[in-house]
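Asks: Take a look at the letters that make up each chain.
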Amino acid sequence: MKETAENLPELSVIIPRKGWVPIDLKELWTYGELLYFLTKRDIKVRYKQTLLGGLWAVIQPVFTMVVFSIFFGKMAKIPSDDIPYPIFVYAGLLPWTYFANAVAASGNSLAGSAHLITKVYFPRLYIPASASLAGLVDFFIAMIVLVFMMVFYQYVPGMNVLLFPFLVGLTFLCAVGAGLWLSALNVQYRDIKYVIPFLIQLWLFISPVIYPVSMIDKKYQWLIAINPMGGVIKAYRATLLGHQPIDWQLLGISTFIIFIMLTTGLFYFRRMEKGFADIV
Amino acid sequence: MSYTSIKIENLSKQYRLGEYAGYRTFREAVVDTMKASLAVFRPKPDTEGLLPVGQNMVWALKDVSVDIEQGEVVGIVGRNGAGKSTLLKILGKITDPTEGRVELRGRVGSLLEVGTGFHPELTGQENIFLYGVILGMSRWEVARKFDEIVAFAELEKFIDTPVKRYSSGMYMRLAFAVAAHLEPEILLVDEVLAVGDAAFQKKCLGKMDDVSKQGRTVLFVSHQLNSVRKLCSRAIWLDNGSNQMEGTAREVVSAYEGAFFKAAETGAKTKQQNCFVGWDILEPKTDNPYRYDTFGPVKIRFLLLLDHEIQRGIHGIALWNSDNILMWGRSVENLHLKPGLNELTYVFEDLPLHPGPYRWQVSFYEKKGLMLDNWQSVPEMIVATEPLGHPLDEWAGILNLPSEFKAELLEKIK
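In order, the protein sequences belong to chains A and B. With numbering that gives the first Met the number 0, the residue at position 51 of the first sequence is 50, and numbering never jumps. With numbering that gives the first Met the number 0, the residue at position 41 of the second sequence is 40, and numbering never jumps.
Please note that the accuracy of each hint is not assured.
Lysine-lysine pairs mimicking DSSO-like chemistry, simulated, CA-CA at most 30 Å apart [to be verified]:
#1 A:39 to B:61
#2 A:43 to B:144
#3 B:298 to A:39
#4 B:337 to B:284
#5 A:273 to B:6
#6 A:17 to B:92
#7 A:43 to B:156
#8 A:39 to B:6
#9 B:92 to A:25
#10 A:17 to B:61
#11 B:284 to A:25
#12 B:298 to B:337
#13 A:273 to B:156
#14 A:25 to A:39
#15 A:47 to B:144
#16 A:39 to B:144
In case anyone wonders, no lab produced these hints; they're calculated from the structure.
Excised from the complex, chain B in its bound form (with noise of 0.2 Å):
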């Protein structure tokens, strides 16, 4: 029979911003308790668990309730910083809401950045233990599924070698086969799909997809809108930590895609001026203008929404892989805007990139040290393009450059 398996209630989290946003010092320490006991005799209000009041709190999450059936395979899409990891986060127990209320069903199991685990001076197989222990497996658990694992990730011949000789492909490609040896009932997964080749994507892909068969319920955030659209039936969009739409994937990714796309081409961005409001292929024009599929000229386009006019803009530009390498940045100084709605379109003559997800990061100045925006772009960029380079992973390197060869002979020997 089913039931529900995550149900959230009004989930709000407060987050501290700004320079204090981290560790307090033990001077500060130590002149509040000072402070505090020469303000003995004053009442004191009960502030203890809730954060003070002021302007550098925020909420990453604010009143988000959900409900999520056993079985269920939920993709969550969303800006960043819009509450999709710390809805995560909180689900996983790494760190308490500040209100509202979570009933779990079962073991929760959750792979947020794999291989965050792994010791660099451990063999593979040593990871595989550890790790799987971390994840909460026992020990007899990965001892069942040790071979299984070992082939998934296609690491025999180097299972015992020192992870810190790994490349970053085989180091993802380990950590996600151990997590998806995990067998809980709740599963949640955060931006580990974006791994390795595609081939591998692929086979991760369908490792997903059997879990759910398995009746096991699967919490997803990924920028990726086509593996959402591909392996989720229902999604949630939050925006600025609250629920902005349930239903199910297509229409939510569509939704979602639409929102920037539509904001885009009237103007009529959201509350917010002055920012990036959209991107897209140009040229060549295809059904999906987010692919890149055949090798040849691209033009791409950022839409820019002012307010008001620049007179000495600078505009920086970044590519940035799945693994967050960064793959080409440039940028141009002196530009002169006008307000409305304005174009900034490159053109390559080639993109030379392997398979797979990437995502343009682009930022706006109005002078230096003066920054009115700086967006990764939604949705991401896919390459589809014929991989060229050499077939084992580690030795196809960042690029996938067309080249022709020839062997001919110069000279004959004797």
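Isolated chain A (complex conformation) (with noise of 0.2 Å):
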């Protein structure tokens, strides 16, 4: 008897979900490729009938960089801690450009699929994952620009630049936080796709990429890493330039505030994923 119990196939039960549902983690690994083949189809979609194609990933970050350094390197004469601007700003835009990215394109990513939640069954939260990852691509892309800029410029990073890989990784959570939250919230309230592109131009604003933290009174700089891109980006110019140290304690409040919206946002997404298919 015990045998043939062994030899069904596993069950599953399908019942009523409330509130708040765990991670299924179990899931997510059997899942797994999927992951792999939609940041694939992002990325091969990406730059299809285009002219330029994979330039893009350039073009945007390096004509910011020169009209930033025009008027606010040159005519503004915003400092940038003693190396030039050019640099200063294109190390900062690197991060920015791709954080922007990613976080627009997963935030509205649940909605763009509703084709496919409301006919095939896989873990959404791959949706606006995917989404992320696949801005990578242009980021390391926008890298190139950077090490040539570094060679010009004569910067050689020092032994920081080891913690670049996990910065990179950060600035991924930190996206896929922040998507979390938009694309579920854009499931039910169709003003968020209205909101991201104005939260990304003001949040440009309060994080360091124009001006360096030390403009800002030492005494309220940790308010520059509450929000998390700030203390991200004053660590990728120390690791990437060696200018200056590694602001541990700015870091390190950021990487905290990015911990909580991650959490914050998958459980938030777990809970309204169940209505997905019905409201999207």
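Since each chain comes alone in its own frame, lean on the hints to assemble the complex.
Replies: This is the structure:
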């Protein structure tokens, strides 16, 4: 008897779920390849039928760097921690551009996948996650320009550069955290579609992309790190350009905030997930 | 050994209807939050999860209980909105039930409208992998079956072309081929057999048959009652969200067809009045009044039951193919009809249609803006005339036009 019971295929039960739903790691693991294929799809499709293709990944931050260098660096004379303004602003724009694009893509991802959500089951978490992940390709393409600039301006990163992969991961998690919140809210409230561009625009100004953290009174610098991208962008500059030590305190605060944003995002997403197919 | 594959107990699903069916706007949410914070001192009833009971709530499924054994192929029939698709969506974990419980043994694969996972910019090959993985296969599984899938879809030559360049027939063939090679213990199929030309349909039916022979359980929703009859061992008839009848496929399908027909003849239609109650092909008379199998004039009638006199009625008709492409439509105005069972007939010189299932849609308005009924014909009309077009699907076109062809010499060149 016991043997036959073991031979039966695995039993799964469907019952109405209410309130908070735990995160199903086992399921995420079994569907792991889906994340890979969705990301691959997003990457492949991104520059299909464009003339310049992957060059767009470079054009956006480079042109922004040029414009910012002229207006903020030359004309407004914003300080840049004694490093040339172009490389200063580009080192900040690099993670920022990735973050902004990833948040916009993942925030709109669920609403844009209505046809899938209403027809096939799979962990919906992978939709905003793959949208954020796909942007990393652009990030690494844009990185090449920074390498050239580092050669040109003769900046050599120190040992701190080992922290770089960790920072990339942190930026990704930050984008996913924001993306989870925004995408889940977007399913129910399409207002979010209009909020996202506006939010990203404002977010740029509270992040130390154009200006250095040192411009702010020492007493209030921790405020910059409440914005998770604040501590992260500062750390990017420190690891890549090696002009100053890493501010562990600011990075610590930002990491903590990212962690909170990600966990609350995950739980909020799981809570809303069961209704996606009905309201999207 | 055999076991119960799907066990459905008192399954119900409630939907919100009307204007607020979709997403709430931010403003509504903000207003609600403000109201809620003002009412913080008043006790709040616990309504989480359950939607408020009001007129705009509707039960898409109500208290459905069914047991399905391993290896059975079960068809689900019913009018549009009877809850068939909702049932499959719950079983496929796409949406949560409101009440009740389902136990499933094994992996579930759902084929709800094939090809939804395709990306138009990607090639056939890339889409096979993407769609396969979305449906729950592993990359290696897809790779192993890749050649088989391509051969089944008959798309060897086009596999590196972006699918946006595919004809709708090719697109559907590829999608079905991927899905058909999924090997879950439970397969949910919604209206996918109405795919491509007659030959491919036959192939699909054969594949479905194989699937059940391998001991897999299949749940199959279709408007094509003939395929339900052919393919399924058992059938369930859903009406208004509840289980109306359960039995062998033959019994249930006949009863379902009969219900329309009997109601039409006796005029003792179900609960409703002022609606279409049936249709059939009057001439030529054959043993199947829903089948058109030889070219030539055909007379089709629709039965409309009215409980009051209509002075200036408006009637619309449309003919859809299985890809939901409109074949033909017409409207008639200023109809004067008496209460009782009315017959609206059409005579066509020919129906130049490709073989396959078609759906009539008929509507009736008392006057402009006041609709009495908008009915999708049950059963479907099956066209089984000889295919006269190009043998290649993408060149056959929409019409199956009989034509005379002749080649002759007009003038000789010296």
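Asks: Hint by hint, note whether the structure agrees.
Replies: Checked hints:
1. Taken as a hint, the residue 39 of chain A and residue 61 of chain B pair is broken in the structure, with Cα atoms around 42 Å apart against an allowance of 30 Å.
2. About 23 Å separates the Cα atoms of residue 43 of chain A and residue 144 of chain B, which keeps this hinted pair within 30 Å; it holds.
3. Distance check on the hinted pair: residue 298 of chain B and residue 39 of chain A sit about 54 Å apart at the alpha-carbon level, beyond 30 Å; violated.
4. For a cut-off of 30 Å, the pair hint linking residue 337 of chain B to residue 284 of chain B stands: about 28 Å separates their Cα positions.
5. A distance of roughly 21 Å separates the Cα atoms of residue 273 of chain A and residue 6 of chain B; the hinted pair therefore holds under the 30 Å criterion.
6. Simply put, residue 17 of chain A and residue 92 of chain B have alpha-carbon atoms about 15 Å apart, close enough for the 30 Å limit, and the pair holds.
7. Annotation: proposed proximity of residue 43 of chain A to residue 156 of chain B holds, straight-line Cα distance about 22 Å (limit 30 Å).
8. Between residue 39 of chain A and residue 6 of chain B the CA atoms are separated by roughly 38 Å; this puts the pair beyond 30 Å, and the hint is violated.
9. For a cut-off of 30 Å, the pair hint linking residue 92 of chain B to residue 25 of chain A stands: about 16 Å separates their Cα positions.
10. A C-alpha spacing of about 19 Å is found between residue 17 of chain A and residue 61 of chain B, which places the hinted pair at or below 30 Å, so the restraint holds.
11. Between residue 284 of chain B and residue 25 of chain A the alpha-carbon distance is near 60 Å, which puts this suggested pair outside the 30 Å criterion.
12. Distance restraint check for residue 298 of chain B and residue 337 of chain B: the Cα-Cα separation of roughly 22 Å lies within the 30 Å cut-off, and the hinted pair is therefore satisfied.
13. This hinted pair does not check out: residue 273 of chain A and residue 156 of chain B have alpha carbons roughly 41 Å apart, beyond 30 Å.
14. With a CA separation close to 22 Å, the supplied pair residue 25 of chain A and residue 39 of chain A stays within the 30 Å bound.
15. At roughly 28 Å between alpha-carbon atoms, residue 47 of chain A and residue 144 of chain B fall within 30 Å of each other, so this suggested pair holds.
16. A hinted pair counts as satisfied when its Cα atoms are at most 30 Å apart, and residue 39 of chain A with residue 144 of chain B qualifies at roughly 21 Å.
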